[in-house]
Amino acid sequence: MPEKKLEKKLLKNIAMELSNIKTLLDKYLEAETTLAEEKVLETYFLSDHVTPELQEYIPLFNFFENERSLETSEEIEFKMPFEVEEKRSNRSLIYKWSGIAASVAILVSVFIFSQQQKNTVSNQAPVEYELAMQNTQDLLLMMTDAVSNGKKQLTYLKEINQTKNQLINK
Amino acid sequence: MNQQEFLVFIEPIKDKMYRLSVRLLVSKEAAQDAVQEVFVKLWNKRDTLKKYDNAHAFAMTVTKNHCLDQLKLKKNNNLRIVHSNYEDESKSLQKQLEAKNELEIVTEIIKDLSEQEQTLIQLRDIEQLEYEEIIEITGMKPTAIRVALSRARKKIRKEIIKKHRYGTV
Chain A
194 MPEKKLEKKL LKNIAMELSN IKTLLDKYLE AETTLAEEKV LETYFLSDHV
244 TPELQEYIPL FNFFENERSL ETSEEIEFKM PFEVEEKRSN RSLIYKWSGI
294 AASVAILVSV FIFSQQQKNT VSNQAPVEYE LAMQNTQDLL LMMTDAVSNG
344 KKQLTYLKEI NQTKNQLINK
Chain B
64 MNQQEFLVFI EPIKDKMYRL SVRLLVSKEA AQDAVQEVFV KLWNKRDTLK
114 KYDNAHAFAM TVTKNHCLDQ LKLKKNNNLR IVHSNYEDES KSLQKQLEAK
164 NELEIVTEII KDLSEQEQTL IQLRDIEQLE YEEIIEITGM KPTAIRVALS
214 RARKKIRKEI IKKHRYGTV
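Chains as they are written, first to last, in the working numbering: chain A, 194 to 363; chain B, 64 to 232.
Think of the hints as simulated: they come from the structure by calculation, not from any bench.
Among the hints, a few may not be true.
Said to hold, decoys possible - Each computed SDA-like pair below joins lysine to any residue, with the alpha-carbon atoms no more than 20 Å apart:
hint	chain 1	residue 1	chain 2	residue 2
1	B	218	A	260
2	B	217	A	251
3	B	221	A	255
4	B	221	A	235
5	B	108	B	128
6	B	221	A	245
7	A	205	A	247
8	A	220	B	208
9	A	272	B	65
10	A	220	B	211
11	A	272	B	64
12	B	225	A	251
13	B	174	B	92
14	A	220	B	195
15	B	138	B	92
16	B	221	A	222
17	B	225	B	175
18	B	104	B	118
19	B	104	A	270
20	B	108	B	74
Please put together the full structure from these sequences, using the hints given.
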């Protein structure tokens, strides 16, 4: 007698469980279940005693559980952004400093060059200034002499012209 | 937020970010790239991260938006490389394993859902997040979330029954 009672109770429990699952499924499809209720559904459908009439839900909950186990740590190693950033900033630092060095070098070389030129000019100028003036003046005088000499020569040409005209007119 | 704090912040959600990216972008390589880029975005915002009530939800929002942007780009370029690669893979797997086959069928069904429905299924049924968090991540209204999620769940069930009755299984 007690065995029969126990069996009845068990069957009753299973029936209750099933109706419970069914109402939960209805709520689930309406998106009205709580997380706890959804976990009840999941444990039921991942168990071995799912009633055949609800078997279409097995792959669904299997899928959810399977997807949840997908993890990055096994196959993927992410580069942290600051590691990338550090490398990049190191490189940009090198660029920056080389740029500064280059511009400094240019400035220094220009400065030295102009300084040298100034030196050569200022060293020679006081010594040869008057002499240069004298020389240019001499040169200009020579030029004017040459030009006036040339001009004198031109008067002969005039006379040739005159005599030629006289001859032709006669 | 310094480097150490950033690592601590990232650790508990990087898997969730990756899984959401895989759901939306399908290819694991694309998902990895996406998460990598989202890390950079978050790192650049590291000083404002602390201001958010739920910085983890914010990280998920950035991930979701980044993936949707990637999908838009791909659609604009008419590139479906990722998808076709995946389909080939699933076909060969279907031949190999019966048990895997059922999971692949569900994967295919979910792939045909809208991006919004995919996101909701991912956040609720796979990540088992509370609705408050889903509201924060998606910026959707509670009723809209329930309506879309209910629609998605019903669609998946319908398709599974269809495939079981008429499919090759």
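So, going through the hints one by one against the coordinates:
1. B:218 with A:260: holds, 19 Å
2. B:217 with A:251: holds, 15 Å
3. B:221 with A:255: holds, 17 Å
4. B:221 with A:235: holds, 18 Å
5. B:108 with B:128: Given that 20 Å is the threshold and the Cα spacing comes to 16 Å, the pair holds.
6. B:221 with A:245: Given pair residue 221 of chain B, residue 245 of chain A holds - Cα atoms ~16 Å apart, limit 20 Å.
7. A:205 with A:247: holds, 19 Å
8. A:220 with B:208: Holds, at about 15 Å.
9. A:272 with B:65: holds, 16 Å
10. A:220 with B:211: Holds - the C-alpha atoms of residue 211 of chain B and residue 220 of chain A are around 14 Å apart, at most 20 Å.
11. A:272 with B:64: holds, 18 Å
12. B:225 with A:251: Since the Cα atoms of residue 225 of chain B and residue 251 of chain A sit roughly 14 Å apart, the hinted pair holds (cutoff 20 Å).
13. B:174 with B:92: Within the cut-off at roughly 17 Å; holds.
14. A:220 with B:195: Judged against 20 Å, a Cα distance of about 19 Å means the pair holds.
15. B:138 with B:92: Holds, at roughly 18 Å.
16. B:221 with A:222: holds, 11 Å
17. B:225 with B:175: holds, 15 Å
18. B:104 with B:118: Holds, because 13 Å separates the two Cα atoms, which is no more than 20 Å.
19. B:104 with A:270: holds, 18 Å
20. B:108 with B:74: Between residue 108 of chain B and residue 74 of chain B the Cα gap is close to 17 Å, so the pair holds against 20 Å.
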